[in-house]
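> Taken in sequence, the protein lines are chains C and P. So in my numbering the end of the first sequence lands on 115, straight run, no missing numbers. So in my numbering the end of the second sequence lands on 115, straight run, no missing numbers.
Hints may contain errors.
Claimed, not checked - Mimicking DMTMM-like on lysine to aspartate or glutamate, the simulated pairs with C-alpha atoms at most 25 Å apart in a straight line are:
id: 1; chain 1: C; residue 1: K2; chain 2: C; residue 2: E30
id: 2; chain 1: C; residue 1: K4; chain 2: P; residue 2: D114
id: 3; chain 1: P; residue 1: K2; chain 2: P; residue 2: E67
id: 4; chain 1: C; residue 1: K53; chain 2: P; residue 2: E90
id: 5; chain 1: P; residue 1: K53; chain 2: C; residue 2: E90
id: 6; chain 1: P; residue 1: K29; chain 2: P; residue 2: E16
id: 7; chain 1: P; residue 1: K3; chain 2: P; residue 2: D103
id: 8; chain 1: P; residue 1: K53; chain 2: P; residue 2: E37
id: 9; chain 1: P; residue 1: K2; chain 2: P; residue 2: E37
id: 10; chain 1: C; residue 1: K2; chain 2: C; residue 2: E37
id: 11; chain 1: P; residue 1: K4; chain 2: P; residue 2: E56
id: 12; chain 1: C; residue 1: K2; chain 2: C; residue 2: D103
id: 13; chain 1: P; residue 1: K29; chain 2: P; residue 2: D52
id: 14; chain 1: C; residue 1: K53; chain 2: C; residue 2: D103
id: 15; chain 1: P; residue 1: K53; chain 2: C; residue 2: D114
id: 16; chain 1: P; residue 1: K53; chain 2: C; residue 2: D103
id: 17; chain 1: P; residue 1: K2; chain 2: P; residue 2: E48
id: 18; chain 1: P; residue 1: K3; chain 2: P; residue 2: E48
id: 19; chain 1: P; residue 1: K4; chain 2: P; residue 2: D103
id: 20; chain 1: P; residue 1: K4; chain 2: C; residue 2: D114
id: 21; chain 1: C; residue 1: K2; chain 2: C; residue 2: E67
id: 22; chain 1: C; residue 1: K53; chain 2: P; residue 2: D103
id: 23; chain 1: C; residue 1: K3; chain 2: C; residue 2: E48
id: 24; chain 1: C; residue 1: K53; chain 2: P; residue 2: D114
These are calculated hints, taken from the structure and not from any lab test.
2 protein chains.
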Amino acid sequence: MKKKIYFAGAIRGGREGAALYRRIIDRIKETDTVLTEHVGNPALSRFEQGRDKDSEIYAQDIAWLRESDLLIAECSVPSLGVGYELAFAERLGTPCYLFYRRDRVQLSAMLNGDP
Amino acid sequence: MKKKIYFAGAIRGGREGAALYRRIIDRIKETDTVLTEHVGNPALSRFEQGRDKDSEIYAQDIAWLRESDLLIAECSVPSLGVGYELAFAERLGTPCYLFYRRDRVQLSAMLNGDP
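Just chain C, with the same shape it has in the complex (with noise of 0.2 Å):
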């Protein structure tokens, strides 16, 4: 039985992790499902889409993660997105896995020392 799995990476906060995430994303669909996939997208749009499309995004994603047996973290490009859905789903009770560069960036310490 395929896991759901929901990839988080940052999107507005910057597109400079894009290739890695779509590789992340591949290697997860060799054995699983990835319900955001869209995020390794390097055509995805960085900008703003108003209230109304912002708002459909948020409730897409909001029901991929109650949907989704796990998240999986890419966290070396700061997003306030990813620090969101971490939270949420930590909330649900829902397995995280964080992975970032260690040798380049400095992780949260609301990541770092969470239990």
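Place chain P on chain C using the hints.
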């Protein structure tokens, strides 16, 4: 009666907003109490403090989140910690006020689209 304010700003995500955070904190302190005054301290360390110390930071920040009457976030610099804190405050039912430089940055859909 002074309100207790949780001010949220980027720390490990980047300190380019620190001077602005300080000005906002000073203004809030004219009328109310800021629990997280250190966020505006330019000498604050950006570096991981190890799991034990980061666990203490996490526990202190969660205690302040639970104690605060409202949260004010400066969201111009993307931050995993600020995103986490916003979701946590929302879960507690704490009113949140978000500010950011609309001429320079795009706010996360998870914040802009959140009802």
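> Does each hint hold? Answer for all of them.
Evaluation of the provided hints:
1. Restraint check for C:K2 and C:E30: the C-alpha separation of about 10 Å stays at or below 25 Å, so the hint holds.
2. Distance check on the hinted pair: C:K4 and P:D114 sit about 23 Å apart at the alpha-carbon level, within 25 Å; holds.
3. With a C-alpha separation of about 13 Å, the suggested pairing of P:K2 with P:E67 holds against the 25 Å cut-off.
4. In summary, the hint linking C:K53 to P:E90 is supported, as the alpha carbons are separated by about 21 Å, within the 25 Å threshold.
5. The straight-line distance between the Cα atoms of P:K53 and C:E90 is roughly 21 Å, inside the 25 Å bound, and the hint therefore holds.
6. Under the criterion of a C-alpha separation no larger than 25 Å, the hint pairing P:K29 with P:E16 is consistent with the structure, at around 22 Å.
7. A distance of roughly 30 Å separates the Cα atoms of P:K3 and P:D103; the hinted pair therefore is violated under the 25 Å criterion.
8. As the CA atoms of P:K53 and P:E37 are separated by approximately 19 Å, the hinted pair is consistent with the 25 Å bound.
9. Taking the CA atoms of P:K2 and P:E37, the gap is near 15 Å; set against the 25 Å cutoff, the hint holds.
10. This hinted pair checks out: C:K2 and C:E37 have alpha carbons roughly 15 Å apart, not beyond 25 Å.
11. Note on P:K4 and P:E56: the hinted pairing holds, with a Cα-Cα distance of about 21 Å set against a maximum of 25 Å.
12. A threshold of 25 Å between alpha carbons decides the hint, and for C:K2 with C:D103 the separation of about 33 Å lies outside it, so the pair is violated.
13. For the hint pairing P:K29 with P:D52, the CA-to-CA distance comes to about 31 Å; that exceeds 25 Å, so the pair is violated.
14. Pair hint C:K53 plus C:D103 does not hold up; C-alpha atoms about 37 Å apart against a cutoff of 25 Å.
15. With a CA separation close to 11 Å, the supplied pair P:K53 and C:D114 stays within the 25 Å bound.
16. With a C-alpha separation of about 20 Å, the suggested pairing of P:K53 with C:D103 holds against the 25 Å cut-off.
17. Between P:K2 and P:E48, the direct Cα distance comes to roughly 33 Å. Violation of the 25 Å bound is thereby established for this hinted pair.
18. Note on P:K3 and P:E48: the hinted pairing is violated, with a Cα-Cα distance of about 31 Å set against a maximum of 25 Å.
19. Straight-line distance between C-alpha atoms of P:K4 and P:D103 comes to about 30 Å, which puts the hinted pair past the 25 Å bound.
20. Distance hint between P:K4 and C:D114 is fulfilled; the C-alpha atoms sit about 23 Å from each other, no more than 25 Å.
21. The straight-line distance between the Cα atoms of C:K2 and C:E67 is roughly 13 Å, inside the 25 Å bound, and the hint therefore holds.
22. This hinted pair checks out: C:K53 and P:D103 have alpha carbons roughly 20 Å apart, not beyond 25 Å.
23. Distance restraint check for C:K3 and C:E48: the Cα-Cα separation of roughly 31 Å exceeds the 25 Å cut-off, and the hinted pair is therefore not satisfied.
24. Simply put, C:K53 and P:D114 have alpha-carbon atoms about 11 Å apart, close enough for the 25 Å limit, and the pair holds.
When the structure is compared with the earlier hints, violations turn up for hints 7, 12, 13, 14, 17, 18, 19 and 23 and for no others.
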